[in-house]
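Same order as they appear, the protein sequences are chains Y and G. The numbering used here applies: residue 26 is where the first sequence begins, and numbers increase by one. The numbering used here applies: residue 87 is where the second sequence begins, and numbers increase by one.
Treat each hint with caution, since some may be false.
What the hints assert, rightly or not - Partial list, computed: chain Y residues near chain G (C-beta under 8 Å):
#	residue
1	Lys105
2	Thr174
3	Met181
4	Glu185
5	Met186
6	Ser227
7	Thr230
8	Pro234
9	Gly256
By construction, these hints were calculated from the structure, which means they are not laboratory data. The beta-carbon is built from N, C-alpha and C at its ideal position, and this holds for glycine as well.
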Amino acid sequence: MGKEYIFKAFKREETERTPWVPFVGCHGGKLIGVNAEGYLKSSTHMVNGLSAAIERYKPDGIPVVFDLQIEAEALGCELKWSESAPPAVISHPMINGISLQQLSIPKKEDGRIPEVIKTTKILKEKYPDLALYGLITGPFTLGLHLLGTEIFVGMMEDPEMVHELMQFTSQVSDALAGYYIEAGCDVIAVVDPMTSQIDPVSFETYVTPYVSKTFQFIKSKKAYSSFFVCGHAQQNIEEMCKCKPDNISIDENIPLDYVREMSLKYNLSFGGNLKLTLVLLLGSKEDAQKEAVECLDIGGKEGFILSPGCDLPMDTPPENLEAIVEVVYDNYTRDVVRTMDIEGTSLDLLNMKDYGQTDKVIVDIITLDSESCAPCQYMVEAVKKIAPHFEGIVEWREHPIKKMESISFMSSLMVKNIPTICIDGKISFVSKIPPKNELIAAIQKRINEKLKLKIKSKKGEILILGTSKNECIQAEKNVMAAINETGVDLEITTSTDEKILASYGIINTPAIIVAEYKLKAQGEVPDVRIIKEWIKDI
Amino acid sequence: MSEILEKIAYCVEFGKINQQSPYPPDMKGQLGADELTKEALDTGLAPEDILKKGLVIGMERIGIKFRENKVFVPQVLMSAKAMSTAIEHLKPFFQSGDVKRSGIFIIGTVAGDLHDIGKNLVSMMVEGNGWEVVDLGTDVSADKFVNAIKDNPGSHVGLSALLTTTMINMEHILKEVKAASPETRVLIGGAPVSEDFKNKIGADFYSPDPQGAVEYLNSLVA
Chain Y
26 MGKEYIFKAF KREETERTPW VPFVGCHGGK LIGVNAEGYL KSSTHMVNGL
76 SAAIERYKPD GIPVVFDLQI EAEALGCELK WSESAPPAVI SHPMINGISL
126 QQLSIPKKED GRIPEVIKTT KILKEKYPDL ALYGLITGPF TLGLHLLGTE
176 IFVGMMEDPE MVHELMQFTS QVSDALAGYY IEAGCDVIAV VDPMTSQIDP
226 VSFETYVTPY VSKTFQFIKS KKAYSSFFVC GHAQQNIEEM CKCKPDNISI
276 DENIPLDYVR EMSLKYNLSF GGNLKLTLVL LLGSKEDAQK EAVECLDIGG
326 KEGFILSPGC DLPMDTPPEN LEAIVEVVYD NYTRDVVRTM DIEGTSLDLL
376 NMKDYGQTDK VIVDIITLDS ESCAPCQYMV EAVKKIAPHF EGIVEWREHP
426 IKKMESISFM SSLMVKNIPT ICIDGKISFV SKIPPKNELI AAIQKRINEK
476 LKLKIKSKKG EILILGTSKN ECIQAEKNVM AAINETGVDL EITTSTDEKI
526 LASYGIINTP AIIVAEYKLK AQGEVPDVRI IKEWIKDI
Chain G
87 MSEILEKIAY CVEFGKINQQ SPYPPDMKGQ LGADELTKEA LDTGLAPEDI
137 LKKGLVIGME RIGIKFRENK VFVPQVLMSA KAMSTAIEHL KPFFQSGDVK
187 RSGIFIIGTV AGDLHDIGKN LVSMMVEGNG WEVVDLGTDV SADKFVNAIK
237 DNPGSHVGLS ALLTTTMINM EHILKEVKAA SPETRVLIGG APVSEDFKNK
287 IGADFYSPDP QGAVEYLNSL VA
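Throw the hints in and build the complete structure from the sequences for me.
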C-alpha cells in the first residue's frame with residue numbers, strides 16, 4: 026500500500042485498490058484547531074495537522090504544503106493572510122517598477138521555503154511508506170503573481186517579455202523542485218491553475234517549452250511528476266499531456282472520462298476530481314461516498330489516483346473524507362453505495378407503524394447479498410444458527426438490497442449500513458456480526474418486552490359522565506358487570522363536573538367514554554415521526 | 087455611416103486598440119478603435135450609435151466567442167482594452183446625458199476574496215454592452231454593496247468569488263442586499279460557483295461566462 030500504489034499508478038500498472046491522495050492544505054489546520062495563517066507559517070503545525078490527516082484519512086500520498094504563494098512571497102509579492110484559506114497575492118512587483126533582472130531565484134533559506142523543507146523531512150521520517158507531494162507554483166501562475174494580468178496583454182503585445190518571464194519562473198520551478206526532492210519528496214506537482222485562462226496555442230507557445238523542461242529535470246532527479254490544473258482547462262489537457270509529466274490532475278470543471286481518454290493516449294497517469302464545494306464541503310457523508318464511487322468507477326484501477334479537485338476547503342467536514350476512506354478501502358461499501366445510487370431517493374417508504382407487533386419476533390437482516398458479501402454471509406449464518414433456539418417464536422428473513430423491494434424496506438427502517446440486523450423493526454446490530462450470546466440476549470429481551478406490553482396494553486379507563494349522580498348509576502352498574510364478565514383490569518371514573526362534560530363536547534347524558542392505554546415505548550425516546558404515526562391512530 | 091461602425095465593432099472584436107498596437111498581427115499599421123471612434127464623432131455620428139451599433143456589437147461578438155471557448159482571457163482583455171480606449175471619447179456624452187445607458191450594474195468580489203480577474207472581465211463586458219458599471223473592487227462587505235445600491239437606485243448587483251471559502255460569503259451578502267432592497271437582482275459568478283449553488287442560496291442568476299450576465303441584464307430592461 027502507500028507510495029507503492031502511487032508509483033504503480035504513475036507507471037499505469039494495475040493496483041489492487043485505487044490509490045487515494047487527499048489534498049490536505051490548510052484543512053490540516055482545522056484538524057488541530059489552528060487558523061490558515063498560523064498553520065501555513067509553521068512546520069510544527071503542518072507536521073501535526075498532516076499527522077492528524079494521515080491518521081484519519083489513511084492516504085497513500087499527501088501534499089506537504091498546499092500554498093501557491095510561497096514562491097511569490099519569496100520573490101517580493103505582498104500577501105494578505107486569511108483565517109480559513111491560503112493567502113492571496115496583493116501586489117505584483119513587476120508592475121511596481123521592479124524588473125526581471127532585479128529578481129533572483131529564491132534560495133533554500135528564503136521566505137517559508139525552510140518550513141516546507143523541514144516539514145518534508147519530518148514527515149519522511151515519520152511516514153516512510155507515504156508518497157510525499159512537493160507542490161510548486163507553475164511558471165505561468167507565478168508569472169501572473171509577478172506581473173498581474175498584464176501577462177495576458179503582454180502575450181499579445183510583447184511576446185519577448187513574456188518569454189523572458191516564463192524562462193525565469195520556470196527556473197524558479199526547477200530550483201524549488203530540487204530543494205523538495207532533496208528533502209524527501211517523492212512526487213513534484215507543478216500546479217498551474219492560471220493556464221486554464223489561456224487558449225491551446227498560447228499554452229503551446231508560452232507554457233509547454235518551459236514546463237516540459239521542468240518535468241525532464243524532475244525525472245533526472247529520479248522523482249515522479251504531476252501537472253495540476255484547476256478551473257475550465259479542458260482545452261489545454263492535450264497540451265498538458267504533451268509536456269510529459271507522469272500524471273495529470275484536474276478538478277470537477279473537466280469531465281474525468283475526458284482526461285482518462287487523453288492520458289491513456291499519452292500513456293500517463295491521471296487523478297481527480299472529487300467535487301470540492303458542493304460535495305466535500307457542503308454535502309453529506311452519503312453525497313461524498315456517492316461522488317467517490319462515481320470517480321472510482323470512471324477512473325478504474327490502471328493509472329488513476331483518487332483525489333479532490335484541488336486544495337480541500339479548510340472547513341471540509343472530516344467525516345465526509347472519512348466516509349470516502351471507507352469507499353476506497355472497502356469493496357462492500359462501494360457496492361452498497363452503487364446499488365443505493367441506482368434506486369435513487371424516490372422510494373415509496375413502507376408504513377412501519379405496526380411492524381413487530383405480531384406474537385412472533387421478526388429478525389430482518391439487511392445485506393448486500395449473502396452470496397457475494399462475506400460479512401453479510403456471516404451475519405445471516407449467525408441468525409440462522411440461533412433461530413431454532415427459540416422454537417418457532419423467532420422468524421428471520423434476509424433482505425438483499427440488490428432487490429428493489431429490499432431497498433425500500435431498508436429505507437423504511439432507516440437502515441444506513443450494510444449488513445444490519447433489525448429485531449422487530451428496530452436496528453440492533455450494525456456492520457458487526459454479533460456473538461451468539463449477544464444475539465440471543467437481544468432477542469430474548471424483545472420477547473420479554475412483548476410479554477410486558479401484552480399485559481400492560483390491557484389497561485384502560487372507562488369514564489362515565491352525567492349531569493347528576495343518579496343519572497350515572499345504571500351506567501356504572503352495566504360497565505361493572507361487563508368488566509367482571511371479561512376479567513379485564515380497568516378503572517371506572519364517574520364525573521358530573523360540567524367543565525369535564527363540556528371538554529368532551531357532550532350534549533346528551535349519560536355518556537360513556539372508553540380510553541385505552543397502550544404502552545408504545547419505554548426506556549427510550551422515540552423519533553417525532555414515529556410518535557406522529559401513533560397520534561394519527563388516535 | 088454603418089461602414090465605420092462595423093470597423094469599430096471589428097476592432098473591438100479582435101482587440102485592435104490603436105494604430106501603434108502590434109496586435110492582432112494581421113492588422114499591423116491599421117487604424118484601431120481609438121482613432122476610428124474619434125473619426126466617427128468628428129464626422130457627426132451620434133455617440134449613442136457609436137456605443138450601441140459599434141462598440142456593443144464588438145463586445146457581444148467576443149463575449150459569445152469566449153462563451154464558446156473559441157477565445158480566452160488574453161483575447162477578451164485585448165477587446166476590453168480596445169473598447170475602453172474608445173469609450174474614453176464617449177465619456178463626455180455620458181455625463182451630459184446625450185447617451186443613455188441601459189442601467190447601473192454594481193459589481194464586486196465578495197468579502198475575504200481578493201481575486202479580480204473574473205470580476206474585471208464581467209465588469210468590462212457589461213460596460214462594453216452599454217451599462218454603467220460601479221466597480222466596488224475586491225474584498226467587498228455586505229454593507230458596501232448595500233450602500234452602493236442606496237446611492238444608485240434601480241441598480242443590479244453582481245457578486246464574484248474565486249475561492250470555495252469565500253463563495254460561502256455570497257449567501258450572507260445576498261441576504262443583506264435582499265433585505266435592504268428586495269427588487270435588486272443579484273447575479274453570482276466565479277470558478278467554484280454553479281447553478282446548484284445559486285439555487286441553494288437563492289440568488290437570481292448564475293452564469294458560467296460574462297456574456298450570460300450581459301444577456302440577463304439586458305433582458306431586465308428589454
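We went through each hint and held it up to the structure:
1. Lys105: Interface hint status for Y/Lys105: holds (6 Å vs cutoff 8 Å).
2. Thr174: holds, 6 Å
3. Met181: This interface hint holds because 4 Å falls under the 8 Å limit.
4. Glu185: violated, 11 Å
5. Met186: violated, 12 Å
6. Ser227: holds, 6 Å
7. Thr230: Nearest chain G Cβ about 11 Å off; hint violated.
8. Pro234: For Y/Pro234, the interface hint is violated, since the closest Cβ of chain G sits about 18 Å away, which is over 8 Å.
9. Gly256: holds, 5 Å
Checked against the numbered hints given earlier, this structure breaks hints 4, 5, 7, 8; the rest are met.
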